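K.L.:
Next come the chains, spelled out residue by residue.
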Amino acid sequence: MIPLRFASIMLVFFLLGIRGTKHILPPQFPFIDGLQALSEFPSFFLFLDIIYWSCLILIIIGFKYKYAAFTLALMIFFQIGANSLLFSNSFLFAGCLLFLIGVYQQGNEWTFRWQIALLYGGAGLNKALEFDWWNGNYFNAFFEIYYPNFLIGWVSEFFPEGSFYGSLGIFTIFIELGLAIWVIANRRMVGFFIATQAFHLTMLIMTLGELSYIFYFLISIAAYLVLPWNEIFSPESKNQKNIYHDQKNLASRRNLFKKEIIINYLKNPIITGILILIISFSCKYNHLIFNFLERI
Amino acid sequence: MKNKLRSIVLFLFFGLQVLGIVVARFHEYRFFSWAPFDELSSYEIESVLEGEKLTDSEIRDRYFIPAKGRENRSINHIFRILKKMEETHSKKAEVTVRYSTNGKDEETWELKR
Numbered sequence: 031m032i033p034l035r036f037a038s039i040m041l042v043f044f045l046l047g048i049r050g051t052k053h054i055l056p057p058q059f060p061f062i063d064g065l066q067a068l069s070e071f072p073s074f075f076l077f078l079d080i081i082y083w084s085c086l087i088l089i090i091i092g093f094k095y096k097y098a099a100f101t102l103a104l105m106i107f108f109q110i111g112a113n114s115l116l117f118s119n120s121f122l123f124a125g126c127l128l129f130l131i132g133v134y135q136q137g138n139e140w141t142f143r144w145q146i147a148l149l150y151g152g153a154g155l156n157k158a159l160e161f162d163w164w165n166g167n168y169f170n171a172f173f174e175i176y177y178p179n180f181l182i183g184w185v186s187e188f189f190p191e192g193s194f195y196g197s198l199g200i201f202t203i204f205i206e207l208g209l210a211i212w213v214i215a216n217r218r219m220v221g222f223f224i225a226t227q228a229f230h231l232t233m234l235i236m237t238l239g240e241l242s243y244i245f246y247f248l249i250s251i252a253a254y255l256v257l258p259w260n261e262i263f264s265p266e267s268k269n270q271k272n273i274y275h276d277q278k279n280l281a282s283r284r285n286l287f288k289k290e291i292i293i294n295y296l297k298n299p300i301i302t303g304i305l306i307l308i309i310s311f312s313c314k315y316n317h318l319i320f321n322f323l324e325r326i
Numbered sequence: 030m031k032n033k034l035r036s037i038v039l040f041l042f043f044g045l046q047v048l049g050i051v052v053a054r055f056h057e058y059r060f061f062s063w064a065p066f067d068e069l070s071s072y073e074i075e076s077v078l079e080g081e082k083l084t085d086s087e088i089r090d091r092y093f094i095p096a097k098g099r100e101n102r103s104i105n106h107i108f109r110i111l112k113k114m115e116e117t118h119s120k121k122a123e124v125t126v127r128y129s130t131n132g133k134d135e136e137t138w139e140l141k142r
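Each protein sequence line maps, in turn, to chains A and B.
Going by my numbering, the first residue of the first sequence is number 31, and it counts up by one from there.
Going by my numbering, the first residue of the second sequence is number 30, and it counts up by one from there.
Keep in mind the hints are simulated off the structure, nothing from the lab.
In this text, all values refer to a predicted model and were calculated from it rather than measured experimentally.
Hints are supplied without guarantee of correctness; some may be wrong.
Straight line, CA to CA, 20 Å or less: simulated SDA-like cross-link-like pairs of lysine to any residue [claimed, not checked]:
#1 Lys33/B <-> Trp140/A
#2 Lys113/B <-> Phe61/A
#3 Lys297/A <-> Glu261/A
#4 Lys33/B <-> Lys297/A
#5 Lys133/B <-> Phe61/A
#6 Lys96/A <-> Glu116/B
#7 Lys94/A <-> Gln135/A
#8 Lys113/B <-> Ser69/A
#9 Lys133/B <-> Leu159/A
#10 Lys113/B <-> Lys297/A
#11 Lys133/B <-> Trp140/A
#12 Lys97/B <-> Phe100/A
#13 Lys113/B <-> Leu305/A
#14 Lys96/A <-> Asn32/B
#15 Lys94/A <-> Arg35/B
#16 Lys96/A <-> Pro95/B
#17 Lys113/B <-> Glu261/A
#18 Lys113/B <-> Asn113/A
#19 Lys113/B <-> Glu174/A
Computed footprint of chain A on chain B; a stretch qualifies when at least three of its residues, placed anywhere within it, have a C-beta under 8 Å from a C-beta of chain A [stated by the list, open to error]:
#20 50–60
#21 64–76
Backbone N, C-alpha and C define an ideal beta-carbon position, used for all residues, glycine too.
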């Protein structure tokens, strides 16, 4: 029931459109030294390229896409293991999602929740143990040196002097750890999806699209997978309109109406996918958009 | 049997990730620990080979990273690349990195021989 094919197609968009991974590259600074010997066999990497592109095509056309996703995941893990220069958390997370899609069987929805929990939990824990995230040094450097923008200057005026960047760091730590616990608890997963969208979109807005559209993209896919699909497609959900019309209490009717809108939006992966793609690619090419707006 | 194998694979899959997060606490590197954008470091590499200072493009060709740049996980990743790259060359260069992490005071790292 969960939209595995949608997720795998979106991950193909990630690999080709966002990351631009068109080839499996020979080893360089491998994490496993023995893999360096493979660079003596260039035809092996040509073979891997054929497998790589075959998997991408199989996912797009929807034929044996789970096997293709699993194979792609192994290739990503191999690529990272063989070439530490290509290591990135986003690339690895994409590989993990593809792996879990590949090994998925009904009843294993928990695997996607655990994967999200490990990502947020690991990120939150790493930040919680770095003092620069508590004292504001990280965000001070982030917004004053690396990604200065007018929006942050405006927002910081609403905070007591010297407290904004520290508050932002602490807020981020608790949000990430909170999301890790929330997804494990498996309660109100529609709310979880909305919360991840709010968190990552807020980051994107505050950094004017710089940080991090890649993780916004990947987390959107992962959070979409952990929605309560059994409930969304349950007979009770189909009868929602009848319940709505039967409700006499105005507040209850409004809540049901909002829930219906959200559920109808979420039921359609094409709409969700297009929105995620628009937001992500707008951020990727934000400099073109800003240039265009300046000309206007 | 198939279900048991799947369970073992999933256990190992998640177990390795938990191990990565724990090991990162005791290690200078931030690979496989789910630490994206953990710290921000700007760096500048200076490399002197046989008495001659390498240009930015020569540094890029030698180490496969820009001579000046930014590292979003751990500055130790840059040091690792420089160490490993120098090991592969017969002629060793004297490498110095000036860097600043999270906007703090500039520090210097030198490749020890």
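K.L.:
Evaluate each hint against the coordinates.
P.N.:
Hints and how they fare:
Of the supplied pair hints, the one linking Lys33/B and Trp140/A holds, its CA atoms being roughly 16 Å apart against a limit of 20 Å. For the proposed pair Lys113/B and Phe61/A, the alpha carbon gap of about 11 Å is at most 20 Å, so the pair holds. Restraint check for Lys297/A and Glu261/A: satisfied, since their Cα atoms lie roughly 11 Å apart, inside the 20 Å limit. As the CA atoms of Lys33/B and Lys297/A are separated by approximately 33 Å, the hinted pair breaks the 20 Å bound.
Only pairs whose Cα atoms come within 20 Å are accepted, and Lys133/B paired with Phe61/A is rejected, the gap being roughly 30 Å. Proposed proximity of Lys96/A and Glu116/B is contradicted: the alpha carbons are some 42 Å apart, above 20 Å. Taking the CA atoms of Lys94/A and Gln135/A, the gap is about 14 Å. The hint holds against a cut of 20 Å. This hinted pair checks out: Lys113/B and Ser69/A have alpha carbons roughly 17 Å apart, not beyond 20 Å.
Between the alpha carbons of Lys133/B and Leu159/A the distance comes to roughly 18 Å, so the proposed pair stays at or under 20 Å and holds. With a C-alpha separation of about 50 Å, the suggested pairing of Lys113/B with Lys297/A is violated against the 20 Å cut-off. Restraint check for Lys133/B and Trp140/A: the C-alpha separation of about 42 Å exceeds 20 Å, so the hint is violated. Among the hinted pairs, Lys97/B with Phe100/A is inconsistent with the structure: their alpha-carbon atoms are about 38 Å apart, more than 20 Å.
A hinted pair counts as satisfied when its Cα atoms are at most 20 Å apart, and Lys113/B with Leu305/A does not qualify at roughly 43 Å. Annotation: proposed proximity of Lys96/A to Asn32/B holds, straight-line Cα distance about 17 Å (limit 20 Å). For a cut-off of 20 Å, the pair hint linking Lys94/A to Arg35/B stands: about 18 Å separates their Cα positions. Taking the CA atoms of Lys96/A and Pro95/B, the gap is about 38 Å. The hint is violated against a cut of 20 Å.
A distance of roughly 53 Å separates the Cα atoms of Lys113/B and Glu261/A; the hinted pair therefore is violated under the 20 Å criterion. A distance of roughly 13 Å separates the Cα atoms of Lys113/B and Asn113/A; the hinted pair therefore holds under the 20 Å criterion. With a CA separation close to 33 Å, the supplied pair Lys113/B and Glu174/A exceeds the 20 Å bound. Check result for the region 50–60 of chain B against chain A: holds, 5 residues qualifying (beta carbon to beta carbon below 8 Å, three or more required).
Closer than 8 Å: that is the beta-carbon criterion, and the region 64–76 of chain B has 7 residues meeting it against chain A, so the requirement of 3 holds.
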